[in-house]
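Chains as they are written, first to last, in UniProt numbering: chain A, 1 to 428; chain B, 1 to 326; chain C, 1 to 201.
A couple of the hints might just be wrong.
Unchecked claim - DEER-style ranges, computed between Cβ atoms:
1) A/Lys168 to B/Arg250: 50 to 58 angstroms
2) C/Gly25 to B/Arg13: 36 to 44 angstroms
3) A/Phe92 to B/Ala30: 53 to 61 angstroms
4) B/Thr93 to A/Gly386: 34 to 42 angstroms
5) A/Pro93 to B/Val295: 52 to 60 angstroms
Derived by calculation from the structure, the hints in this document are not laboratory data.
No experiment lies behind these values; they were computed from the predicted model shown.
We put the beta carbon where it would ideally sit given N, CA and C, even for glycine.
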Amino acid sequence: MSKTLIRGAKVLGGEPQDVLIDGTTIAEVGSGLSAEGAEVVEADGKVLLPGLVDLHTHLREPGREDSETVLTGTRAAASGGYTNVFAMANTFPVADTAGVVEQVWRLGQESGYCDVQPIGAVTVGLEGAKLAELGAMHESAAGVTVFSDDGKCVHDAVIMRRALEYVKAFNGVVAQHAQEPRLTEGAQMNEGVVSAELGLGGWPAVAEESIIARDVLLAEHVGSRVHICHLSTAGSVEIVRWAKSRGIDVTAEVTPHHLLLTDELVRSYNPVYKVNPPLRTERDVLALREALADGTIDIVATDHAPHPHEDKDCEWAAAAMGMVGLETALSVVQETMVDTGLLDWAGVADRMSVKPAQIGQATGHGRPVSAGEPANLTLVDAAYRGQVDPAGFASRSRNTPYEGRELPGRVTHTWLRGKATLVDGKLT
Amino acid sequence: MQRHLISAADLTRDDAVLILDTAEEMARVADRPIKKLPTLRGRTVVNLFFEDSTRTRISFEAAEKRLSADVINFTAKGSSVSKGESLKDTAQTLEAMGVDAVVIRHGASGAPYRLATSGWIDAHVINAGDGTHQHPTQALLDAFTMRRRLVGPDAGLGKDLDGRRVTLVGDILHSRVARSNVDLLHTLGAEVTLVAPPTLLPVGVETWPCEVSYDLDSTLTKSDAVMLLRVQRERMNAAFFPTEREYSRRYGLDGDRMAKMPDHAIVMHPGPMVRGMEITAEVADSGRCTVVEQVTNGVSVRMAVLYLLLGGAEPAVAHARPTEEK
Amino acid sequence: MDKQQEKQGGPQPAAQSEARPVLEGPDIARVLTRIAHEIVERAKGADDVVLLGIPTRGVFLARRLADKLEQITERKIPVGSLDITMYRDDLRMHPPRALARTEIPGDGIDGRLVVLVDDVLFSGRTIRAALDALNDIGRPRAVQLAVLVDRGHRELPIRADYVGKNLPTSLRETVKVQLAEEDGRDTVLLGAKPDAPGAHP
Numbered sequence: 001m002s003k004t005l006i007r008g009a010k011v012l013g014g015e016p017q018d019v020l021i022d023g024t025t026i027a028e029v030g031s032g033l034s035a036e037g038a039e040v041v042e043a044d045g046k047v048l049l050p051g052l053v054d055l056h057t058h059l060r061e062p063g064r065e066d067s068e069t070v071l072t073g074t075r076a077a078a079s080g081g082y083t084n085v086f087a088m089a090n091t092f093p094v095a096d097t098a099g100v101v102e103q104v105w106r107l108g109q110e111s112g113y114c115d116v117q118p119i120g121a122v123t124v125g126l127e128g129a130k131l132a133e134l135g136a137m138h139e140s141a142a143g144v145t146v147f148s149d150d151g152k153c154v155h156d157a158v159i160m161r162r163a164l165e166y167v168k169a170f171n172g173v174v175a176q177h178a179q180e181p182r183l184t185e186g187a188q189m190n191e192g193v194v195s196a197e198l199g200l201g202g203w204p205a206v207a208e209e210s211i212i213a214r215d216v217l218l219a220e221h222v223g224s225r226v227h228i229c230h231l232s233t234a235g236s237v238e239i240v241r242w243a244k245s246r247g248i249d250v251t252a253e254v255t256p257h258h259l260l261l262t263d264e265l266v267r268s269y270n271p272v273y274k275v276n277p278p279l280r281t282e283r284d285v286l287a288l289r290e291a292l293a294d295g296t297i298d299i300v301a302t303d304h305a306p307h308p309h310e311d312k313d314c315e316w317a318a319a320a321m322g323m324v325g326l327e328t329a330l331s332v333v334q335e336t337m338v339d340t341g342l343l344d345w346a347g348v349a350d351r352m353s354v355k356p357a358q359i360g361q362a363t364g365h366g367r368p369v370s371a372g373e374p375a376n377l378t379l380v381d382a383a384y385r386g387q388v389d390p391a392g393f394a395s396r397s398r399n400t401p402y403e404g405r406e407l408p409g410r411v412t413h414t415w416l417r418g419k420a421t422l423v424d425g426k427l428t
Numbered sequence: 001m002q003r004h005l006i007s008a009a010d011l012t013r014d015d016a017v018l019i020l021d022t023a024e025e026m027a028r029v030a031d032r033p034i035k036k037l038p039t040l041r042g043r044t045v046v047n048l049f050f051e052d053s054t055r056t057r058i059s060f061e062a063a064e065k066r067l068s069a070d071v072i073n074f075t076a077k078g079s080s081v082s083k084g085e086s087l088k089d090t091a092q093t094l095e096a097m098g099v100d101a102v103v104i105r106h107g108a109s110g111a112p113y114r115l116a117t118s119g120w121i122d123a124h125v126i127n128a129g130d131g132t133h134q135h136p137t138q139a140l141l142d143a144f145t146m147r148r149r150l151v152g153p154d155a156g157l158g159k160d161l162d163g164r165r166v167t168l169v170g171d172i173l174h175s176r177v178a179r180s181n182v183d184l185l186h187t188l189g190a191e192v193t194l195v196a197p198p199t200l201l202p203v204g205v206e207t208w209p210c211e212v213s214y215d216l217d218s219t220l221t222k223s224d225a226v227m228l229l230r231v232q233r234e235r236m237n238a239a240f241f242p243t244e245r246e247y248s249r250r251y252g253l254d255g256d257r258m259a260k261m262p263d264h265a266i267v268m269h270p271g272p273m274v275r276g277m278e279i280t281a282e283v284a285d286s287g288r289c290t291v292v293e294q295v296t297n298g299v300s301v302r303m304a305v306l307y308l309l310l311g312g313a314e315p316a317v318a319h320a321r322p323t324e325e326k
Numbered sequence: 001m002d003k004q005q006e007k008q009g010g011p012q013p014a015a016q017s018e019a020r021p022v023l024e025g026p027d028i029a030r031v032l033t034r035i036a037h038e039i040v041e042r043a044k045g046a047d048d049v050v051l052l053g054i055p056t057r058g059v060f061l062a063r064r065l066a067d068k069l070e071q072i073t074e075r076k077i078p079v080g081s082l083d084i085t086m087y088r089d090d091l092r093m094h095p096p097r098a099l100a101r102t103e104i105p106g107d108g109i110d111g112r113l114v115v116l117v118d119d120v121l122f123s124g125r126t127i128r129a130a131l132d133a134l135n136d137i138g139r140p141r142a143v144q145l146a147v148l149v150d151r152g153h154r155e156l157p158i159r160a161d162y163v164g165k166n167l168p169t170s171l172r173e174t175v176k177v178q179l180a181e182e183d184g185r186d187t188v189l190l191g192a193k194p195d196a197p198g199a200h201p
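Turn these sequences into a full structure, and let the hints guide you.
Take a look at the structure:
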């Protein structure tokens, strides 16, 4: 078996240590470890984290291979330091049967860059009317445990209640895309000062908050756990904080872009800033950061949403919603949380690896960096600062809102069960 | 230096006054035996209309022809070209034919801005109305009409609308005319009040440089000009107001209400009017109603804009506006 | 677009400081009187004359001429202005400017003798534009041209019917007319163009 010695890495941002990988597992963590028979990676003070886990990725395959495939998406994931991604169900056909989730799972196995855990649709065709065969998807080779109609809200309170109850049988979790549909008809951006001026249809915060409030109460009533996707408003934070204080089993995620960008950017009418839920205000951004720091929001998830160029190179109303995020997520989190002093690297490991793995029940991921654990690791050059250049993305799509923006941090190495998928910033 | 007219908010006070003064000279051309100027000879202007608007298109076309521009009309209403890709492709196709300026009407807010800033084309872009965003030439012709009526055609030269009180009534939420007028009238020193049921005011309106009222009667007595905005009957179905009757009772302008206005005050409407809804026939046909003048003035103002953007080596208007004003 | 620019080759404060007067207030009054008499003489009483000044200073000169003509003929002489901006052939070489007023006297110009009045005759392009503009306004019986100064260097086959002063100049020189209505005093200044490109023959 091959050995790799990572020398002088700040494990979770701590004192520099050596980490020896033997085969698929971490053999030893300590100082002055012998390099005998091992390939040596000089970490030179870089930060070593457990491989990142993304609970919210759109890999687009099957159906929209022009924007992303499982292969290109997992390559993008490895570039961004991820070793496990959860693939959302809104593909064509929708991942609402055992057949489709197994296909995605198998494509992930074949890619070799990153583990792919399919998410199953809650309702047939994401239509919100009829429960999909959740049990069959769970029992399939893909072993689905997370269910979501992401892109659409499970808006019917009865269907949501049933789904929350039903998945308890196999300890599944429903991840809700919180968007009251009637309040967001024709919505194009956050409803507020900017939308009033730009004449774009408003997506009010209350459309998200009302659904979250309903769902945490439903979860409490039926004794289920519920996960809230891409929470985006200060009001949502308050509701989740209240729910947790009441002991409701709720977890929540925030995207990197909602931690950094605001609706002021929409003044450019450039659809790279068009995303769902929409970019909110400065006040929301600050509340989200604080909530991620204090644990009200449990995890960062990318909502990586690749779109082909032509779907963004048009007027705002005609453009698709979404941004790619796998390859910039860690940099944005460093910029907004680490460099601001809100979170240390151990906190980053918790929010981007440990917790998402727990919520998604991803075995072998989000584990401590210690002897005997699977060697899923990410090495980050936190001292780096540079401009984002989408031309260098491994993703098939380039719809990033960060083009030309200077961000800190760069993932230089990623190991998936001991196998290097990224070396010196280059995919293997 | 901007080369386009996208938003009334892009105009400085001096830009706007220059346009109004130029329009005043253009208006005189209409009185001549030959209503034509050679100024834009050899320049090609395309009227790219993705939304049906015969009035605005004809007004622009008249302005372009009076300035001797070559005019191409492209009406792309309908499904096949209403998608985003087509805006870019259509614009590029037209530019490949050697178009100097694109006058664009589009149902999507921001489409003219995208056209002007995405590097798709080099031509000048003039916004002839985009979604619920802006309609700057409408605001200019409204301001021109107000200046003529309230200050005077000659007395108004070089002047703005300092201290004039303008009330806009109706569907502010869905109105590009309202947004453009609030911006331009504020720039020109007028005091603007918006009157509408709360459902037809956008969230965020409190940051606009104007007053907001839900009560028409109390503002009428303090208005130099009252502009009524069209209220589409369909809005009723989306619960913006209960019934047509209730709307016109609370926010419509009839003869009794008009009588409360000061003697010099005028009634304006960007058209098309919905008689019996926001305005009664009595008011629409009265001498205080400027609807027909607004149409005439539209041609003069659009001539002025075309001349000032296209007439020379570089545009004479639309200097970058200091950001603190916004 | 800028008439002054055409006549003096751009605004040059330096040139102005060295400029020397070639006509002073009394001289200007005298030549305008002479031109008025010439108009009456050539137009056989000037009973159908319409004076149209070309903005800015041509308009003031036209009004002064009208006053003098009224003194001579004891009749009201129609006077107006003709803005030629939109008819210029060099529009695309400069940013467009605010338009000046075109004011045609009430009875129009059809069948009348129009005398165009301008301050300086130089390339002749302004007058060509003025003839085009007139064409869109009506059909005069005849068109004549009166200028305060003719500095030569014509680029078109145009000549003045009435000239206040023939002033042979080089292209390196500038001619600037100042009138009390606009500039606070009456004078015609001849100056040197400092290092302007093309100024060296």
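Structure-based check of all given hints:
1. For A/Lys168 paired with B/Arg250, a C-beta distance near 53 angstroms keeps the hint of 50 to 58 angstroms intact.
2. About 38 angstroms separates the C-beta atoms of C/Gly25 and B/Arg13, a value consistent with the hinted range of 36 to 44 angstroms.
3. For the pair A/Phe92 and B/Ala30, the beta carbons lie near 58 angstroms from each other, so the given range of 53 to 61 angstroms is met.
4. A hinted range of 34 to 42 angstroms for the beta carbons of B/Thr93 and A/Gly386 is consistent with their spacing of about 39 angstroms.
5. Restraint check, A/Pro93 to B/Val295: a C-beta distance of roughly 54 angstroms satisfies the suggested window 52 to 60 angstroms.
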